[in-house]
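Q: What follows is the residue order along each chain.
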Amino acid sequence: MIELQNVHKAFGANKVLRGVTLSIPRGRSLVIIGGSGTGKSVALKCILGLIEPDSGTITVDGKDVHAGDRDAFLARFGMLFQGGALFDSLPVWQNVAFRLLRGSLKRPKPEARDIAIEKLRRVGLKPETADLFPAELSGGMQKRVGLARAIAAEPEIIFFDEPTTGLDPIMAGVINDLIREIVVEMGATAMTITHDMSSVRAIADNVAMLHDGVIKWTGPVTGMDNSGDPYLDQFINGRATGPIEAVR
Amino acid sequence: MSLTAPLATLGRTILSALALIGRVALFALSTVTHLFRPPFYGREFLHALVQIGWLSLPVVGLTALFTGGALALQIYAGGSRFNAESVVPSIVAIGMARELGPVLGGLMVAARVASSIAAEIGTMKVTEQIDALVTLSTHPMKYLTLPRVLAATLAVPILVAVGDSIGIMGGYLVGITRLEFNAAAYLKNTADFLELWDVVSGMIKGAVFGFIVATMGCFYGMQSGRGAQGVGRATKSAVVAASVLILAANYILTELFFSA
Numbered sequence: 000m001i002e003l004q005n006v007h008k009a010f011g012a013n014k015v016l017r018g019v020t021l022s023i024p025r026g027r028s029l030v031i032i033g034g035s036g037t038g039k040s041v042a043l044k045c046i047l048g049l050i051e052p053d054s055g056t057i058t059v060d061g062k063d064v065h066a067g068d069r070d071a072f073l074a075r076f077g078m079l080f081q082g083g084a085l086f087d088s089l090p091v092w093q094n095v096a097f098r099l100l101r102g103s104l105k106r107p108k109p110e111a112r113d114i115a116i117e118k119l120r121r122v123g124l125k126p127e128t129a130d131l132f133p134a135e136l137s138g139g140m141q142k143r144v145g146l147a148r149a150i151a152a153e154p155e156i157i158f159f160d161e162p163t164t165g166l167d168p169i170m171a172g173v174i175n176d177l178i179r180e181i182v183v184e185m186g187a188t189a190m191t192i193t194h195d196m197s198s199v200r201a202i203a204d205n206v207a208m209l210h211d212g213v214i215k216w217t218g219p220v221t222g223m224d225n226s227g228d229p230y231l232d233q234f235i236n237g238r239a240t241g242p243i244e245a246v247r
Numbered sequence: 000m001s002l003t004a005p006l007a008t009l010g011r012t013i014l015s016a017l018a019l020i021g022r023v024a025l026f027a028l029s030t031v032t033h034l035f036r037p038p039f040y041g042r043e044f045l046h047a048l049v050q051i052g053w054l055s056l057p058v059v060g061l062t063a064l065f066t067g068g069a070l071a072l073q074i075y076a077g078g079s080r081f082n083a084e085s086v087v088p089s090i091v092a093i094g095m096a097r098e099l100g101p102v103l104g105g106l107m108v109a110a111r112v113a114s115s116i117a118a119e120i121g122t123m124k125v126t127e128q129i130d131a132l133v134t135l136s137t138h139p140m141k142y143l144t145l146p147r148v149l150a151a152t153l154a155v156p157i158l159v160a161v162g163d164s165i166g167i168m169g170g171y172l173v174g175i176t177r178l179e180f181n182a183a184a185y186l187k188n189t190a191d192f193l194e195l196w197d198v199v200s201g202m203i204k205g206a207v208f209g210f211i212v213a214t215m216g217c218f219y220g221m222q223s224g225r226g227a228q229g230v231g232r233a234t235k236s237a238v239v240a241a242s243v244l245i246l247a248a249n250y251i252l253t254e255l256f257f258s259a
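Just so you know, the protein sequences line up as chains D and Y, in that order.
Taking numbering that gives the first Met the number 0, the leading residue of the first sequence gets 0, the next gets one more, and so forth.
Taking numbering that gives the first Met the number 0, the leading residue of the second sequence gets 0, the next gets one more, and so forth.
Everything hinted at is true.
On the chain D side, residues computed to face chain Y include the following (Cβ under 10 Å): (1) GLY48; (2) ALA71; (3) PHE72; (4) MET78; (5) PHE80; (6) GLN81; (7) ALA84; (8) LEU85; (9) ARG98; (10) ASP160.
Derived DSBU-like pairs: lysine-lysine, alpha-carbon spacing no greater than 35 Å straight-line: (11) LYS141/Y / LYS235/Y; (12) LYS141/Y / LYS125/D; (13) LYS14/D / LYS141/Y; (14) LYS141/Y / LYS62/D; (15) LYS125/D / LYS108/D; (16) LYS105/D / LYS125/D; (17) LYS235/Y / LYS14/D; (18) LYS108/D / LYS62/D; (19) LYS62/D / LYS105/D; (20) LYS14/D / LYS62/D; (21) LYS14/D / LYS215/D; (22) LYS62/D / LYS215/D; (23) LYS141/Y / LYS105/D; (24) LYS141/Y / LYS108/D.
Honestly, the hints are just simulated from the structure, not real lab data.
Each residue gets a CB set at the ideal place from its N, CA and C atoms; glycine is no exception.
Please build the complete structure, drawing on both the sequences and the hints.
A: Here you go:
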């Protein structure tokens, strides 16, 4: 279980998170939606410890994310970054097997390569892709490699940051389906941030809407269309008028 | 208000300069402490050694060759004013080994390596590759900074030694072809006057300059702002800072090594 309690974070005068309280039960998939610049990525990075919140607590299974062994903590996570964040200097298979080639989860190189190729196959990429470099791949393929890297060490918790941004609708659908399948198959706890409503409907068990630095609405994805919340209603229907200002 | 405004601006500038010096010092200290704390990334170190050392050899070698040749011509022209043309071989050798080899070698490496490190790490930061490293339980200081700083600290002294030899050869070639020196006499003169400390002091300077170059490249890369402009600014700052620090460190080291 991941829990955020009254989390605040400001960058100078810009108060991004103003008291976020949220919980993600083990094995469930939560999607955080909200406009650009509302602090979705900041919330995610606070959980991972990439950004330290100004106040509030963040716990994973009851343990503070900033206390204890960081390596052991991070070994429980996999993350798909918005742009893939693949390492340009490494071939695809070494990107996928990065965690398996060093640190506490280190395996022999041939075994790590086999696992990488298996994970690439899982996300629909051929073994020949393994020896290419990230710059030789299309945007969709890079996302798949990023996804393969996120699941390579079979993490308990997976984060997806804008998994379909920049992809055509068909490729976005493929990535959404893959994420859903993998999360269900692995029984992982998943947290996704996105603007893409088709992703929300494909991936989420629960949805949380972040606006003005606080959670405006949270509930099951099935309750999203009849929530009665004017913010959520405006967002999911893409209306220019409503409580959310179009120009932020 | 108008009277205090310039003072306030001056104060802010000084404070921000001091803060920058503090951040650079802490960054350098943190890099050094990682040298004594595993894990170590040998492959990244070897890769950095090739990138920084081996691939800088052509630019350092060409710089030294032309500098050695020009130095021979200048010393000959200057020396001829008081009938001291014969000092050309010894002054070229001492000048290259003590000053020009390390300083010009360091500056050329700064131009080539500090810029490349800052651009690479800056781009990695902008594209979230540094965040990805952290989520993959890999410390960016250990994986990116330490291998580069260590490689530069070890490679630049060797580059300096090679550059010294090529520079002296440049002076020799000009001496025997343009200035009509006897080849054997030129070499004997060089060997007689060049002392081991001349070469070693230059190599020590090279190690310090290598440390400065890679540290500045990594520091500004890690501090890079967003977008192409942020990476461009980081690259420029890394080269400027590394160059200025090399010249300042050169003066300090020369005082330490050679002042009576």
